[in-house]
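Visitor: Okay, here's what each chain looks like letter by letter:
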Amino acid sequence: MKRCLCALLAACLMLPLAGCWNYRGLNEMTIVAGMAIDEADDGQYLMTFEVMDLSQPTKTEGPNSNLVFAKGGSILEAIRNAKRQLASKLYFGNMQIMVISHQVAEREGLDAVLDFALRDSEMRETMELVVSREETARAILSNDEKISGAVSYDISRIIREDAKVTGSVFSAQFYRIYDDSRTPGINVVLPVFYLAPEPDSDKKHVEAYGCAVFKGSLLAGFFSAEETKYLLMVNGLLTGGVLTFYVPEITKNNITLEIKKVDSSMSYENNDGKIAMKLSVKINAYFAEFPHNKNEGNHPVLDQVERSAENLVREELQSVIKKLQTQYQSDALGMGRLIYRTNLPLWRQISGRWNEMYQTLPVDVTVKIHLANTAMVRES
Amino acid sequence: MWNPFRPKQEEKQKRIDEALSRSTERSKATGQSQEEVLSPSMEENCRRFEELFRDNDTIICRKIQNACYPWLEYRLYYSDGMVNTSLLHDGVLRPLVESNEKPGRDLAESLSKQILTASDVQISEKWKDVCDGVTYGDAILFLPHSSRALILSAKNFQLRGVDEPENERILSGPREGFNESLLNNLTLIRRRLRTHDLKLKFRTFGRRTQTKACVCYLDSLVNKNILKLLEDRLNNIDIDGVLDTNYLSELTRDSALSPFRSTGYTERPDVVAAKLLEGRIAIFLDGTPVVLTVPYLFIENFQSSEDYYLNFFYTSFSRMLRILGFFMTITVPGFYIAIVAFHHEMLPTPLLINIASERTGVPLPAAAEAFIMLIVFDILRETGVRMPSNVGQALSIVGALVIGQAAVEARLVAAPMIIIVGITGITALLVPRMSAPIIFVRIFILIGASVFGLFGMMLTLCTLFIHMLNLDSFGVSQLTPSGKLQFQQIKDMAIRAPWWKMIQLPKRTAWSTIRQKTPPRRKE
Amino acid sequence: MKTIHDNPVSSREMVRMIILFVFGSSVVMGVNPRTMQDAWICLLIAAAISVPVFFIYARIMHLMDGKDFFTCVLDWFGGIPGRIVIALLVWYYLYLAAVVVRNFSEFMEIVAMPETPQIPMMISFLLVSAYLCKSRIQVISQWSIVGLCITVGIMIITVLSTVASMRPQNLLPILEHSPPVMMKSSFEIFAFPFAECVVFLPLISAAKHGSPYKVFFKGLFYSTLVLMVIILRNVLTLGPQLMEAEYFPSYSCARIMEIGSFLSRIEGTISINFIVSGLTKTSLCLYSGALGLAKLLNVPNKLDLIIMPIFLFVLMLCALSYTDAVQMFNFLDFYPFYALPFQVIVPVVIWLVGEWKAHSKKTSSVQTASQPS
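Sequence lines, in order, name chains A, B and C.
Numbering (the numbering used here) for the first sequence: 1 to 380.
Numbering (the numbering used here) for the second sequence: 1001 to 1524.
Numbering (the numbering used here) for the third sequence: 2001 to 2373.
Don't read these hints as lab results, they were simulated from the structure.
Treat the hints with caution; some may be incorrect.
Under 7 Å between C-beta atoms, here's a sample of chain A residues computed to sit facing chain B [unchecked claim]:
#1 Cys20
#2 Tyr23
#3 Gly25
#4 Met52
#5 Leu54
#6 Pro63
#7 Asn64
#8 Asn66
#9 Leu67
#10 Gly93
Using 20 Å as the maximum straight-line C-alpha spacing, the simulated EDC-like pairs for lysine to aspartate or glutamate come out as follows [to be verified]:
#11 A:Lys83 x C:Glu2115
#12 C:Lys2184 x C:Glu2244
#13 A:Lys89 x C:Glu2115
#14 B:Lys1128 x B:Asp1055
#15 A:Lys164 x C:Glu2258
#16 A:Lys71 x A:Asp111
#17 A:Lys89 x A:Asp42
#18 B:Lys1128 x B:Asp1232
#19 A:Lys2 x C:Asp2304
#20 A:Lys323 x A:Glu198
Everything numeric in this text was worked out from a predicted model, so none of it was measured.
We put the beta carbon where it would ideally sit given N, CA and C, even for glycine.
Please put together the full structure from these sequences, using the hints given.
Guide: Take a look at the structure:
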């Protein structure tokens, strides 16, 4: 009797071995590289998935991708509806970007996308969210020229390496976006991509446009790539890039400085409820390009170059900040957040009025540029 | 341990007692009982002897008479092929025939002390000694009117030479190995440990085989508790035949069901000498070159004697490589399945796409494939061991390369699986001592990984680790011999510290803990 | 059969077990994130609240002077009241084990394996911890040495890998929340995980050398340190808003982790952390419960006999304790009040009775000493 009971108990305890419920073979899934969210005509979501094509041998040709379209009343419903046309379920573990069209960003905002991406356990929090400057988001994904096998992987690499090279987009991973959208005193900034035409042909390729500034969860406006560079300088996000400017006294060509390090600090002064912001930017740069005719004189140019560069940066910064304040009315640089973090009682007083105060906030910008070296050619 | 499948103790004991009494009765009938003594009449003894060894045509009977005293008739029995006949000529037969001394009152005593010149003469009255002697290569001399017989040692049988054991080859160091003769093996140890402290105690095992064994230890170093425990367990062995030390190993185990060993084994005398110097106990068995060492720590699976004959940097690295190899060989198939079937996000995207495209069209799910490929690999390995050498080489190359390649081309198996199985098999060869537990543990982890992914694999690894913590070898915990992890143990466990650092002996296995008084002077 | 007093466990190993135990569920559930970026201040306040409670625990062990805990309780309280006290404690221990296993299986279901039914996960997890429990306290202490090294090592690796995405400004503003909210949060942190060390009351008597005071306070100190590192890492990496919104902030941190540019998305290997600490916590709870139950049923030396029934009982509790995950997370709000009697009131009662007994023994020995021959 004891033996029978023991045998029964052992059999019941082997229940864990009875199946592998979450076993998902690689041939049962469709790997999604990127996703684009559009609005269809009837108000539903139209999703475009860029999926990797596994039927071709990757040894000879490298991976390739296809597009899958699906419609649904919400994001999850559209994803499930995609199974109506696919043999294997969609797999999002390796998805790198999500593209939304600017209509979706203007009309509906980010809430639905943010909530779904963070709640679902398969989607990564390190995905990038991208806004498309074209009419539809899917236009970005439907492109023929791919280097890594999928447009999404190319785009995510462009964004990741951008801050060191050109400084033309903001990097916005989902967990950062969530934090920024909920913290008082700052607004979300997303990267923007568009299809750039190529000269002398009909082909277009995907290129970084700049950034998109949000007010709350709705899209407020766009900045071009050059303007984005100055925005990136403010919070210390820029680690590379070039400054090109024109100093007619020295040479008639454009001079280029390569940015090596940007130290920026933001502070504020409180005069009886009147807030004034102070922004100071210190740039360490290399002298990168100085096309000049040696006959134009051999006088020291470095100080002049520094001063001209400082003037340039200051003017551009002030115009960008003005545009942010007046045209877009969005505190994308985190000035309110600074007050919130450092002076909580003051923030509690002014937080109700902050939106109006921000539009007329005086911002004083000081820029200091230091030329560290002149590369391989001597200059003084 | 609470074992619910054990039948009632009393019933089982009753059955064993009945079987034992039946066999003792039968053996009594054949005269192998312990207590029978010789009879005073030589004819009676000879008749009894010939009745015992009735259909045994190798037994030779030699009747001799002394030249001077014809009434002194002797009968010499020996087993043909097992004795050194020239020794018998010169040491036994010639003195018996030619001696003209009057034998004293006690014939056996005077013969053995004054007349016979053989080197080893024993006097016995028991039939047991007579039978043991003649079956081992001794010659039996029956004396007239005496109930005592003389057992003359004249062993000479063919033995394998002393050459390096195949499974324990090393690059540099001694190349002697044990062979099947107990005395030869003990000689090899004696030459290395020339101290009176070395104790060699004989005992016999097996009712029908009466195999001789020797328990060997250094008296001042050994842990007496372990020695007592070992002797108790050896005394409890009651089996009909013992042919190899593995019988003893399994009969004296601590935990019956564990795949891990609790006694070490080796065929090299330098290894045994080193272990004796650490205070361990060695068990030799006649008829097998494999020697057991007790107690056995888990880390000894990864040690090889070569570690001490080569440079310590190199051997520390090799030792860590072996531990890594053990870990890899048990976890690699499970890890691969867990990643490929459950945690796809861990693969970098290009690799994921490559593997996914390799796996399209393959019929079996990855876990089943892994299982089958591991079994196929074991089949190939096993046939490679048993094959005659001229066929074995070709088969292993054919098996590994061609069949694997053909299977991939025919889309039966995915290409990454071949690589995984190859890695598993090769890292298993780093630790040949653990080939038995590895097979079992690997499948266990593979099953855990197939059911619950990485969580399941971690759970099974934890179970394995808890099991290893529970392992005992003769009262000494295998994984933590002194009860806690100390730097002292790490010195000889994970790395091999240089000789001038090893001042203390490992604590649990020896009483006295000082190995060297002062470290040798290092060159400045 | 070996009893718990056979081979001594050193006090260092006991400290390690305490650290691993406190680390246990917090690895999965995170430390209470209600106060967002001030969570580390609440942690320090909770540690300060725990100091007197740990002092009481250590004093109880000191009064018992090395004897087995449950035997002493029976001696001090008498027959029936003593059994009631032991039964209360045993219920708390076993229910705690069930809650921990349920937490883990819910975690695995939500995060990694949605299609797997929870019963097999619970069975396999509980089986392994029952095996660990059956191997007695010596094996648990050896296991916790290795377990702590692995856990702390992996934690350091995660910290180093997320350093690149850390933002120190996430800690500002400090003290945003009002004192009542902070005190409530501290009280919750005190109840879970600190005061769960009441599980160690029957186990400290296995550590022969070293004072119970040192063991408890060293354990408190190191485990506070470890939890502080976890909280700081979560806040600095995820930001206070996301940390408060998510159920499993430590796991999300691991998802963001990146080593170099090629090794990312390796949060699966963090599961070793969860399993090691969860196993330790469950098996320690099971072990204390088994010891108490053995004393109640009068089979003190045959622990092996009751491990299996306890395993089945705890498995049943696991399945029955909550109906769904939402209920489980909501229970965390209520847990401090449920646990208060077991964590504070019962030990205080035992302490008072112990003091009274010690005092009366001293006075009676003084009386007998002062009596003339």
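Visitor: Confirm or reject each hint.
Guide: Outcome of the hint check:
{"no.": "1", "hint": "Cys20", "in the structure": "5 Å, holds"}
{"no.": "2", "hint": "Tyr23", "in the structure": "5 Å, holds"}
{"no.": "3", "hint": "Gly25", "in the structure": "5 Å, holds"}
{"no.": "4", "hint": "Met52", "in the structure": "5 Å, holds"}
{"no.": "5", "hint": "Leu54", "in the structure": "5 Å, holds"}
{"no.": "6", "hint": "Pro63", "in the structure": "5 Å, holds"}
{"no.": "7", "hint": "Asn64", "in the structure": "10 Å, violated"}
{"no.": "8", "hint": "Asn66", "in the structure": "13 Å, violated"}
{"no.": "9", "hint": "Leu67", "in the structure": "17 Å, violated"}
{"no.": "10", "hint": "Gly93", "in the structure": "4 Å, holds"}
{"no.": "11", "hint": "A:Lys83 x C:Glu2115", "in the structure": "18 Å, holds"}
{"no.": "12", "hint": "C:Lys2184 x C:Glu2244", "in the structure": "15 Å, holds"}
{"no.": "13", "hint": "A:Lys89 x C:Glu2115", "in the structure": "14 Å, holds"}
{"no.": "14", "hint": "B:Lys1128 x B:Asp1055", "in the structure": "19 Å, holds"}
{"no.": "15", "hint": "A:Lys164 x C:Glu2258", "in the structure": "18 Å, holds"}
{"no.": "16", "hint": "A:Lys71 x A:Asp111", "in the structure": "19 Å, holds"}
{"no.": "17", "hint": "A:Lys89 x A:Asp42", "in the structure": "26 Å, violated"}
{"no.": "18", "hint": "B:Lys1128 x B:Asp1232", "in the structure": "24 Å, violated"}
{"no.": "19", "hint": "A:Lys2 x C:Asp2304", "in the structure": "16 Å, holds"}
{"no.": "20", "hint": "A:Lys323 x A:Glu198", "in the structure": "30 Å, violated"}
In summary, the structure is inconsistent with hints 7, 8, 9, 17, 18, 20 from the numbered list given earlier, while agreeing with the others.
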